[in-house]
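Protein chains: 2
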Amino acid sequence: MMTIKVHHLNNSKSQRILWALEELGLDYEIVFYKRQPSFAAPDDIKNIHPLGKAPVVEIDDFVMAESGAVVQYLIERYGEGKFMPDRSSSSYAKYIELMHYPEGSLSPPLLDQLFIRMLPVEDETFKGFTQQRVMNHLSYVDGLLEGQDYLIDNEFSGADLQLTFNLQGANAGGGLRHYKNLEAFVQRMEARQAYQRSIDKGGEFSLGFKK
Amino acid sequence: MMTIKVHHLNNSKSQRILWALEELGLDYEIVFYKRQPSFAAPDDIKNIHPLGKAPVVEIDDFVMAESGAVVQYLIERYGEGKFMPDRSSSSYAKYIELMHYPEGSLSPPLLDQLFIRMLPVEDETFKGFTQQRVMNHLSYVDGLLEGQDYLIDNEFSGADLQLTFNLQGANAGGGLRHYKNLEAFVQRMEARQAYQRSIDKGGEFSLGFKK
Chain A
45 MMTIKVHHLN
55 NSKSQRILWA
65 LEELGLDYEI
75 VFYKRQPSFA
85 APDDIKNIHP
95 LGKAPVVEID
105 DFVMAESGAV
115 VQYLIERYGE
125 GKFMPDRSSS
135 SYAKYIELMH
145 YPEGSLSPPL
155 LDQLFIRMLP
165 VEDETFKGFT
175 QQRVMNHLSY
185 VDGLLEGQDY
195 LIDNEFSGAD
205 LQLTFNLQGA
215 NAGGGLRHYK
225 NLEAFVQRME
235 ARQAYQRSID
245 KGGEFSLGFK
255 K
Chain B
45 MMTIKVHHLN
55 NSKSQRILWA
65 LEELGLDYEI
75 VFYKRQPSFA
85 APDDIKNIHP
95 LGKAPVVEID
105 DFVMAESGAV
115 VQYLIERYGE
125 GKFMPDRSSS
135 SYAKYIELMH
145 YPEGSLSPPL
155 LDQLFIRMLP
165 VEDETFKGFT
175 QQRVMNHLSY
185 VDGLLEGQDY
195 LIDNEFSGAD
205 LQLTFNLQGA
215 NAGGGLRHYK
225 NLEAFVQRME
235 ARQAYQRSID
245 KGGEFSLGFK
255 K
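Each protein sequence line maps, in turn, to chains A and B. FYI, the working numbering numbers position 112 of the first sequence as 156, with every residue one higher than the one before it. FYI, the working numbering numbers position 40 of the second sequence as 84, with every residue one higher than the one before it.
Just so you know, not all the hints are guaranteed correct.
Some chain A residues flagged as far from chain B (calculated, every beta-carbon gap over 10 Å) [what the hints assert, rightly or not]:
| no. | residue |
| --- | --- |
| 1 | 114 |
| 2 | 126 |
| 3 | 131 |
| 4 | 138 |
| 5 | 144 |
| 6 | 197 |
One side of the interface only, derived from the structure: several residues of chain B facing chain A at Cβ under 10 Å [claimed, not checked]:
| no. | residue |
| --- | --- |
| 7 | 72 |
| 8 | 116 |
| 9 | 129 |
| 10 | 131 |
| 11 | 145 |
| 12 | 146 |
| 13 | 147 |
| 14 | 166 |
| 15 | 173 |
| 16 | 180 |
Hints listed in this document are in silico derivations from the structure and should not be mistaken for laboratory results. We treat Cβ as the ideally placed atom computed from N, Cα and C, and that holds for glycine.
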């Protein structure tokens, strides 16, 4: 019998894992952690994984970090074909690309935007550079969603789930109001019953960090 | 007959793709691009992919970006079981985690370190914060490689290939001299024949960016 334990930090990427598990209809246990006033994760997550970040997920005896990887793995192993295209289809390459893209490319400028607000960083050159990177990415993603509700074959997949967290962060950081497809996408994702259940179980969720 | 065309920017993550293709023994075509003096990619990459970054890889008629995704996809599709653990093995979750980790978690602080040097960014708080993030990650990866030559089951895999680029960047940025496992790892990877062939075909490779 498989067991899953999610080390869940409030207002963090571990929200993705709860949502994925709810979409997949799997049983799991949550261990709750609370951010420190500095916004840092509490030190005791380091007892579970040396990087000391959430999510960390225990699947049977294996301890796994990296939210994009965990979502990809859970869907492959337990999805019974749901939430990802068939590996022999032409959509599979796009799926793999968009499973890596949110953390690999979209997240770094959004993180920098967050650091600029939180530390704060006063350097005007870096602020302008970061803003330009964020806008390039949001325009790109807005284009991907033109005329469709979901990223891959217009069906909900792990790629939509991955993307949502980063867009929620972008919304907190500088707003999605100039990107009509992205605002509607986030609302559509947050309206999903599995998403709602993940909020019920994981606790209040907000990326509108205030210093 | 499958065709692969790599849009290759000098001193960029597209080096990974050439190396992966050499490891896999696949035929491919290279289209060369050269960084501008500002370090930015030339505008004509935007004709291939709207983000205008390398690598972009054309596999038959599909245009794919995101270097980690391309490496994962090429190995799955053409590796005939090489360079990744069997999906039914307990090592597979670790493999997926470490295919996402280099770009998802290790790269962002290294990129910030690069921006600090290139823009340059003068903010002392951000510089210290970035340095701490880099050190945390390098210590973690140094630990992963303690007592073994490769990340997964002590056999070369896509995860080693993914990690190498970021460590080469870290070496240029601030040095790996305090991380003996990482220095030796990079030397071991760069000594591989397929790596050497990728340099021969792709051209000189250096991440020691100078402003």
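- prompt: Of the hints stated earlier, which fail here?
  reply: Of the numbered hints given earlier, those the structure breaks are 1, 3, 4, 5, 7, 9, listed in rising order.
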